[in-house]
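In case you want the letters, here they are:
2 protein chains.
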Amino acid sequence: MRAADLIHEPCSIARPLSFLGDRWTLIVLRQAFMGTRRFEDFHAELGLSRSILADRLTVLVDVGILRREPYRDAIRTRDQYRLTEKGIDLYPVLRALAAWGDKYLAEDGPFVLYRHRSCGGASEVVHRCAACGEHLTARDVEFSPGPGMADAA
Amino acid sequence: MRAADLIHEPCSIARPLSFLGDRWTLIVLRQAFMGTRRFEDFHAELGLSRSILADRLTVLVDVGILRREPYRDAIRTRDQYRLTEKGIDLYPVLRALAAWGDKYLAEDGPFVLYRHRSCGGASEVVHRCAACGEHLTARDVEFSPGPGMADAA
Chain A
2 MRAADLIHEP CSIARPLSFL GDRWTLIVLR QAFMGTRRFE DFHAELGLSR
52 SILADRLTVL VDVGILRREP YRDAIRTRDQ YRLTEKGIDL YPVLRALAAW
102 GDKYLAEDGP FVLYRHRSCG GASEVVHRCA ACGEHLTARD VEFSPGPGMA
152 DAA
Chain B
2 MRAADLIHEP CSIARPLSFL GDRWTLIVLR QAFMGTRRFE DFHAELGLSR
52 SILADRLTVL VDVGILRREP YRDAIRTRDQ YRLTEKGIDL YPVLRALAAW
102 GDKYLAEDGP FVLYRHRSCG GASEVVHRCA ACGEHLTARD VEFSPGPGMA
152 DAA
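The listed protein sequences derive, respectively, from chains A and B. Using this note's numbering, you'd call the opening residue of the first sequence number 2 and step up by one each time. Using this note's numbering, you'd call the opening residue of the second sequence number 2 and step up by one each time.
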């Protein structure tokens, strides 16, 4: 299997990994969620090489997670990078990863607290049953082929 | 920034990406969640080269997401790979990614249905406020430094 093959796999985890399965892409995405929009700001915040940064921003634009939007600085018109709705919808993935990192890799407690802007309560990602509401672990889940699989077969 | 630096970043998204920010590691992890345990079965299911597969399994064992457990086949004792509790706790990350993939990359519907084993309801990952219960998007969340950040500063 090659990276480019993942987008054709009949699996909704494999397909996004064809472009998201790269640490720098995901770090750029995290930074976008922190409000960074301009190339120079991404560069200053992340310390990535300009070529890697430009490449990963282009990937995220090409797959529709970021969009380019012109803005005018002191000298000329440049592009900034804004999350699309498709990009915004990835937040639970990063939020779930942060919760795991907080639990296992942050000995002195979370580095960042994520709170509901309007009420101040903690943001949380919950894996649950849509029918009975029970909290689920991987052990509580069973798989079966969905409509897309029938079509892929 | 280099991959090895990520584990030292004061960020619970960056730290796990030091080892999880790799598509093959995540695909191996997905396969472990599907119940695969033996090297030959991972190899047959994923079609990865033996060296990449062995490397990624070792990474996942080294960070405590999988553990090796001996079993006896017809000829000799071999290792199988089992998810630890730390590994099981990553499930919401993959489940959230699958939900996003179902929404944006599965034109004919989900490839796999994830259901609550005991009641048959759909498994779902919800990003919500722990206090008021409201469903949250990235726009509803604000950040502040947590206890680990004070310590890292």
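Everything labelled a hint here was simulated from the structure, so no lab data went into it. Do not rely on the hints blindly, as some may be mistaken.
The list makes no distinction among identical chains, and a pair is therefore deemed to hold if it is satisfied within one copy or across any two copies.
Claimed, not checked - Below, a list of computed lysine to aspartate or glutamate pairs in the EDC-like style, where the Cα atoms sit at most 16 Å apart:
#1 87 with 42
#2 104 with 41
#3 104 with 125
#4 87 with 103
#5 104 with 42
#6 104 with 90
#7 87 with 23
#8 104 with 86
#9 104 with 6
#10 87 with 56
#11 87 with 74
#12 104 with 135
#13 104 with 23
#14 87 with 108
#15 87 with 143
Given the structure is predicted, the values throughout are model-derived calculations rather than measurements.
key: Alpha-carbon proximity between residue 104 and residue 41, which holds within one copy, between copies, both or neither at 16 Å   = neither (33 Å within a copy, 32 Å between copies)
As a check of your reading, is residue 87 near residue 56 (CA-CA no more than 16 Å) within one copy, between copies, both or neither? neither (19 Å within a copy, 33 Å between copies)
Given a CA cutoff of 16 Å, do residue 104 and residue 42 count as a within-copy pair, a between-copy pair, both, or neither? Neither way: residue 104 and residue 42 sit 29 Å apart in one copy and 31 Å across, limit 16 Å.
Is it within, between, both, or neither for residue 87 and residue 103, if the alpha carbons may be no more than 16 Å apart? Intra 26 Å, inter 12 Å, cutoff 16 Å: inter-copy only.
Is the C-alpha distance from residue 104 to residue 23 at most 16 Å within one copy, between copies, in both cases, or in neither?
neither (22 Å within a copy, 21 Å between copies)
At most 16 Å between C-alpha atoms: does residue 104 with residue 6 qualify within a copy, between copies, both, or neither? Answer is neither; intra-copy 33 Å and inter-copy 20 Å both fail.
Q. From the Cα coordinates, with 16 Å as the cut-off, is the pair residue 87 and residue 23 best called within, between, both, or neither?
A. Intra 18 Å, inter 22 Å, cutoff 16 Å: neither.
Should residue 104 paired with residue 86 be assigned to within, between, both, or neither, using CA atoms and 16 Å as the limit? between (29 Å within a copy, 12 Å between copies)
Practice problem: Since the copies are identical, ignore which copy is meant and state whether residue 104 and residue 90 lie within 16 Å (CA to CA) inside a copy, between copies, both or neither. | Solution: Answer is between; shortest inter-copy Cα gap is 9 Å, intra-copy 23 Å.
Treating 16 Å as the Cα threshold, decide for residue 104 and residue 135: within, between, both or neither. For residue 104 and residue 135, the Cα distance exceeds 16 Å both inside one copy (21 Å) and across copies (23 Å).
**Request:** Using 16 Å as the alpha carbon limit, work out where residue 87 and residue 143 are close: within a copy, between copies, both or neither.
**Result:** Answer is neither; intra-copy 27 Å and inter-copy 20 Å both fail.
Discussion item. Regarding residue 87 and residue 108, is the shortest C-alpha distance of 16 Å or less found within a copy, between copies, in both, or in neither?
Written reply: Cα proximity of residue 87 and residue 108: across copies only (15 Å, versus 33 Å in one copy).
In summary, the structure is inconsistent with hints 1, 2, 5, 7, 9, 10, 11, 12, 13 and 15 from the numbered list given earlier, while agreeing with the others.
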